[in-house]
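Here the protein sequences line up with chains D and G, keeping their order. With UniProt numbering applied, the first sequence covers 1 to 226. With UniProt numbering applied, the second sequence covers 1 to 223.
Treat the hints with care, as some may be off.
Said to hold, decoys possible - Quick partial rundown of chain D residues pointing at chain G, CB under 10 Å, derived from the structure:
| hint | residue |
| --- | --- |
| 1 | 14 |
| 2 | 15 |
| 3 | 66 |
| 4 | 69 |
| 5 | 87 |
| 6 | 88 |
| 7 | 92 |
| 8 | 143 |
| 9 | 144 |
| 10 | 160 |
| 11 | 166 |
| 12 | 183 |
| 13 | 187 |
| 14 | 193 |
| 15 | 199 |
As the list claims (entries may be wrong) - The following label-pair restraints were derived from C-beta to C-beta distances:
| hint | chain 1 | residue 1 | chain 2 | residue 2 | range |
| --- | --- | --- | --- | --- | --- |
| 16 | G | 118 | D | 92 | 52 to 58 Å |
| 17 | G | 209 | D | 140 | 35 to 41 Å |
| 18 | G | 142 | D | 39 | 41 to 47 Å |
Stated by the list, open to error - Away from chain D, derived, C-beta distances all over 10 Å, residues of chain G:
| hint | residue |
| --- | --- |
| 19 | 27 |
| 20 | 67 |
| 21 | 70 |
| 22 | 74 |
| 23 | 79 |
| 24 | 126 |
| 25 | 157 |
| 26 | 211 |
| 27 | 214 |
No lab work stands behind these hints, which were simulated from the structure alone. Bear in mind the structure is a predicted one, so any value in this text is a computation, not a measurement. C-beta atoms are modelled at their ideal positions from N, C-alpha and C, and glycine is treated no differently.
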Amino acid sequence: MTAPPDDCLARNEWICGEYLSTRRRILLDAVLQHLQLTTVSVLIGLTLAVPLAVLARRWGWAAGPVLGVTTILYTIPSLAMFSLLLPVYGLSATPVVAGLVLYSLTLLVRNILAGLSAVPEETRQAARGMGYGPIRLLLTVELPLALPAAMAGLRIATVSAVSLVTVGAIVGFGGLGNLIYAGMNTYFKAQVLTASVLCVVIAVAADLVLLGVQWLITPWTRAARA
Amino acid sequence: MSTLAGAWQWLTDPAHWAGDDGIRHRLLQHLVLTVVCLVISCVIALPVALVLGHLGKGGALAVNISNVGRAVPTFALLVLLLLTPIGTWGEGPTVVALVLFAVPPLLTNAYVGMREADRDVVRAARGMGMTGRQTLFRVELPLALPMVMTGVRIAAVQLVATATIAALAGGGGLGRIITAGFNLASTPQVVAGAVLVAVFALIVEGIFEIAERLAPRWARGTR
């Protein structure tokens, strides 16, 4: 019989290089699932949020109900949300994605609507005076001007989604959350710490990427300041 | 539809309301946990934010702390705390994690509210010979109150939500009904628990909404 190895895994230390090298495959899979869940949910949320915000802007009476419903959705805790969606979609990634879509929808609709409402009336009138139709006005004047506010919403939604994915561990699709959940049950310190740190790294990286995207697609905000 | 009917049946069964695992006990736990943590975080965050806002210092810290708070997953922090020595204190990890999550919105909103108090009014107060303390309590604080209350409201709702996640890490509260339902593979119980939590969160939001409506005009948020 061989003696049990005396490495940091056996001593259950918080920081463990051995863990990183032996569980690389598992970590990579978890990170990929985490990124996938986040990206898919935020993209679906964005696709739904833009038309909703535009409609709410066009018809003033729709703004109240749209904002009200999204606020109520946002109040529902994530654990409850994933569990409520569970009987509808079964034990799969879908309840997690659906829940995250609903959360990002709230933040996005709110911010896009704020951005659209902040477009100066003079600008709109000037465009109309130049012969812009309503569609062209929306696509080439109003939406670009709403971009900074929309991007702010997108950044908040993405960072929140990265952190909320972990709760998806309750239905088995939580990306790094699965590792945290498993690590909690076995008191595996290195796994919990590594997965948590990776979550924060993903959130910060996603935020920086979006900040870069915003810098690239809104050159006029820089020209104005310079 | 049968799931909803099952959940309703589960909720209305008196046997599920009694006992240590009963709905009544879990509701009470959830409420106590939320209130205790809200009070602790207010005691920590508000004085700091009011003083920083009054002095006009530490703005970057006060504003950025809520961005950092958003990036750290609640669940991860809870589990991390659970594995540290704090984990042996019973509800210790839950309380610490909840307080850490309620402090950022309180701090940011109170600070921004203090800074957004009309500078002309503040200067007028100083011109009238008010001391720093008098300016803080009689001028800036009343003007900042709507923002401070918005922060308290956000923190309260966030606390209710986060207290649910505590159940994943073995804490008490309504989330336990959901996790117990998962362990029993009882979909009606999971749905019943989720409905209870959602209703609880909406009630807290509603209470703040009503309080804001009933507040005197000057203390109301401009939304």
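Okay, the hints, checked on the actual structure:
1. For residue 14 of chain D, the shortest C-beta to C-beta distance to chain G is roughly 8 Å, which falls under 10 Å, so the interface hint holds.
2. Because the beta carbon of residue 15 of chain D sits about 13 Å from the nearest beta carbon in chain G, more than 10 Å, this interface hint is broken.
3. A distance limit of 10 Å between C-beta atoms decides the matter here; for residue 66 of chain D the minimum to chain G is near 16 Å, and the interface restraint is violated.
4. Interface hint at residue 69 of chain D: violated, since its Cβ lies 12 Å from the closest Cβ of chain G, which is beyond the 10 Å cut-off.
5. The closest approach between the C-beta of residue 87 of chain D and any C-beta of chain G is roughly 4 Å, which is under the 10 Å cut-off, so the hint is satisfied.
6. Satisfaction of the interface hint for residue 88 of chain D is found here, the shortest Cβ-Cβ separation to chain G being roughly 9 Å, below the 10 Å cut-off.
7. Because the beta carbon of residue 92 of chain D sits about 14 Å from the nearest beta carbon in chain G, more than 10 Å, this interface hint is broken.
8. Annotation: residue 143 of chain D was flagged as interfacial toward chain G, and the flag is violated, the nearest CB pair being 25 Å apart, outside 10 Å.
9. Restraint check, residue 144 of chain D versus chain G: the minimum CB separation of about 25 Å is more than 10 Å; hint violated.
10. For residue 160 of chain D, the suggested interface contact is upheld, since its CB lies about 6 Å from the closest CB of chain G, less than 10 Å.
11. A hinted interface residue such as residue 166 of chain D counts as satisfied when its beta carbon comes closer than 10 Å to some beta carbon of chain G; here the least separation is about 4 Å, so the hint holds.
12. Hint status for residue 183 of chain D: holds, given a least beta-carbon distance of 7 Å to chain G, under 10 Å.
13. Given hint, residue 187 of chain D at the interface with chain G, holds; its Cβ is 6 Å from that chain's nearest Cβ, closer than 10 Å.
14. A cut of 10 Å between beta carbons decides the hint on residue 193 of chain D: the least distance to chain G is about 7 Å, and the hint holds.
15. The closest approach between the C-beta of residue 199 of chain D and any C-beta of chain G is roughly 5 Å, which is under the 10 Å cut-off, so the hint is satisfied.
16. Between residue 118 of chain G and residue 92 of chain D the beta carbons are some 54 Å apart, a value that agrees with the proposed interval 52 to 58 Å.
17. Checked against the hint of 35 to 41 Å, the pair residue 209 of chain G and residue 140 of chain D passes, with Cβ atoms roughly 39 Å apart.
18. Against the hinted window of 41 to 47 Å, the Cβ-Cβ separation of residue 142 of chain G and residue 39 of chain D comes to about 46 Å, which satisfies the hint.
19. Listed as a non-interface residue, residue 27 of chain G keeps its Cβ farther than 10 Å from every Cβ of chain D; the least gap is roughly 14 Å.
20. Its beta-carbon lying about 8 Å from the closest one in chain D, residue 67 of chain G breaks the requirement of being farther than 10 Å from that chain.
21. With a closest Cβ-Cβ approach of about 5 Å to chain D, residue 70 of chain G is found to fall inside the 10 Å limit, against its non-interface label.
22. Consistency note on residue 74 of chain G: stated as away from chain D, yet its beta-carbon is not over 10 Å from all of that chain's, at 7 Å minimum.
23. The non-interface label for residue 79 of chain G is inconsistent with chain D: the shortest C-beta to C-beta separation is roughly 4 Å, within 10 Å.
24. Interface exclusion of residue 126 of chain G from chain D stands, the closest Cβ pair being 33 Å apart, more than 10 Å.
25. In this structure residue 157 of chain G is not separated from chain D by more than 10 Å, as the shortest Cβ-Cβ distance comes to only about 6 Å.
26. Residue 211 of chain G, annotated as away from the interface, keeps every beta carbon of chain D farther than 10 Å; the closest lies near 16 Å.
27. For residue 214 of chain G, the condition that its CB be more than 10 Å from all CB atoms of chain D holds, with the nearest at approximately 20 Å.
Hints 2, 3, 4, 7, 8, 9, 20, 21, 22, 23, 25, counting from the list given before, are not met by this structure.
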